[in-house]
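Using the sequences and the accompanying hints, generate a full structural model.
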Amino acid sequence: MGRAVLVVSALFFAWYLLFVVACVFARGLMGHRLAGHVNVALVFGILQFAATFVLARRYSRHSRETLDPSAAQVVADATAPERTGRRR
Amino acid sequence: MTTDAVSGDARLLTFVLFAGFVCVTLGITLWARSRTGGAADFYAGGRAFSARQNGFALAGDYMSAASFLGISGMIALSGYDGFIYSVGSLVAWVPVLLLAGPLRNAGRFTLADVPASRARRPGPVRVAGAVSTVTVSVFYLVAQMVGAGALVALLLGVRPGTTFLGVSAGTAETLTITVVGALMVVYVGFGGMKGTTWVQIVKTVLLMTAGVALTGLVLGRFGFDVSGLLGAAGRESGHGDAFLGPSLRLGRPAGDLDLISLALALGLGPAGLPHIAGRVFTVPDAPTARASVNWAIGLIGAFFLMTPILGFGAAALVGRREIATQDPAGNAAVPQLAGALGRHLAGPAGGDVLLAFVAAVACATILAVVAGLMMAASTSLAHDLFGHVLMLGRPRERQEIAVARVAAVLVGATAVALAVFARHLNVAFLVGLAFAVAASAHLPAIVLSLCWRRFTGSGAVAGIYGGLLTAVLLVVFSPVVSGGVDPVTGAHRSLLPAGVDFSWFPLENPALVSIPVGFLCAIAGTYLSREKPDPARFAALSARTVTGAGAP
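Which chain is which? The protein sequence lines are R and S, in order. Under my numbering, the letters of the first sequence match residues 43 to 130, in that order. Under my numbering, the letters of the second sequence match residues 474 to 1025, in that order.
Just so you know, these hints were derived from the structure itself, not from any lab.
Chain R stretches covered by chain S per the calculated footprint, using a threshold of three residues with CB under 8 Å from any CB of chain S:
no. : stretch
1   : 69-79
2   : 95-107
3   : 110-119
Covered stretches of chain S, as calculated for chain R (at least 3 residues, CB under 8 Å):
no. : stretch
4   : 700-714
5   : 770-784
Not the full set, but computed from the structure, chain S residues with beta-carbon under 7 Å of chain R:
no. : residue
6   : Y553
7   : F556
8   : I557
9   : V560
10  : L563
11  : V564
12  : V567
13  : L570
14  : L717
15  : L732
16  : A736
17  : G740
18  : P760
19  : R763
20  : N767
21  : V1019
Every value quoted in this text rests on a predicted model; they were computed, and no experiment measured them. Where is the CB? At the ideal position from N, CA and C, for every residue including glycine.
Put into structure tokens, the structure is as follows:
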């Protein structure tokens, strides 16, 4: 797992904990109405869903474009020892 | 509308629909049995499921009746607080997604495969893995089965003092628990992972259909005006806009830190739940495993986005008093909402049909989750304990599968006995405890195995037992077991009778303490034991997580 993936995941989890902590300690702010009866708490919760969807898509693209090709390369190197010069 | 939301016709229809589901799934099980030969078929469904199929099955393993009826019911009764559970339930899938690929490549059938491959003597790691897998599964199973007993009695309208098909409420609960247990043993014992996976897929399709239909009907009633729905829910609840924001006074009486602790268990637990992690082995390779988790995230996300609409819809259209009269925990809110929507749409008959459909889906949901758990527990007993420890890794495949079938019977019998014994106790905390153990015992062992060069088998053993014991002991000494009092009503709310009080740990969920303790035990076990680190094993595991070649 790359460093960037770990950093982004840690940030994502911090974003989740921020939401939980806000539910506990910032009830006034969370109850603030934005539009009609829709308040900050509801939008913050929906944004957690959005963050999960976006992160899942980005990680999948990252693995398709980076991890899978390098894995294929490692397998190719291992199964064809005479061509070990072509390491990435 | 009378307080008895379930009419005689709806009961019978629920019963017939549910019996139909059972027949279909038993058919699937027989079909799967005829196509199950070797260990890879039995434990991992032949590793031939597609990303979409496994994604539906993952969602089916994860979305229990507690998510469908429990969370929506909590929102209907306590307002926004219940939605925090919805958020945590989805967020947890990011760690699952990150681990899916490496886990698929590095393991073979169980969670313990990964830490065992880092140990010079893998036996103790396998034993620890089997012990904690079975513990987590049995906790979760008992909670689900006690819930199933109460729920089926509720949905079929069997109340204390009344009978259905000549059965009283107490007998109906015991009977339900026993039937659920027996069905599970049949699903797992005969169908193996192939049968269980298809049961999950059918269940997810039914659950999503019910969710989408009800959500559409609720939104339709309010002219697709979400703000209008929220306003009506607040008004009907009697709390106004406070109902739409976090209040905690209504939801979790135990306090602020308790919610944070529970949020940690919810967010980190699923990546270590054996029946979730075990699903990555049912697909051919790591990219498919990742893609299947993506399918699951889409399904689960859509589902949990519907829970507030169902919950607030029930609050607005059924009303808190009606819901609490039927079941004080709110588990009947969604079926009641279905009844109300159906009646509005097509009169009493419409109400009966929609209610019966939703109730039958809820029963199917319980059955499927219990099957997944039992599959994970018997796989771990047969593969980790029998195959690798007792037979030193040289069992015949046939023997190992036979042992898995016996293990399914044993786990099933244990869970039924415990659930019947505990059927009048409040065991809802066991789900939170199962998540906490998964996060405190399994997660450290897996993450450190994959990432830390110096990690050893002794560290894995220390981490698994340390996290497991810490989580369980802290709960034993918490208010859920003794001396718990509801701060709002002052009512007694512990497992043990009032008057017994040996609690000193303030939180109802131990995750806030037990997750760090699990990691610390794993690290301390690594440094303090005489086992020397084995860089060659780390290199082999690292290579395997990338290529997937040569799993143990």
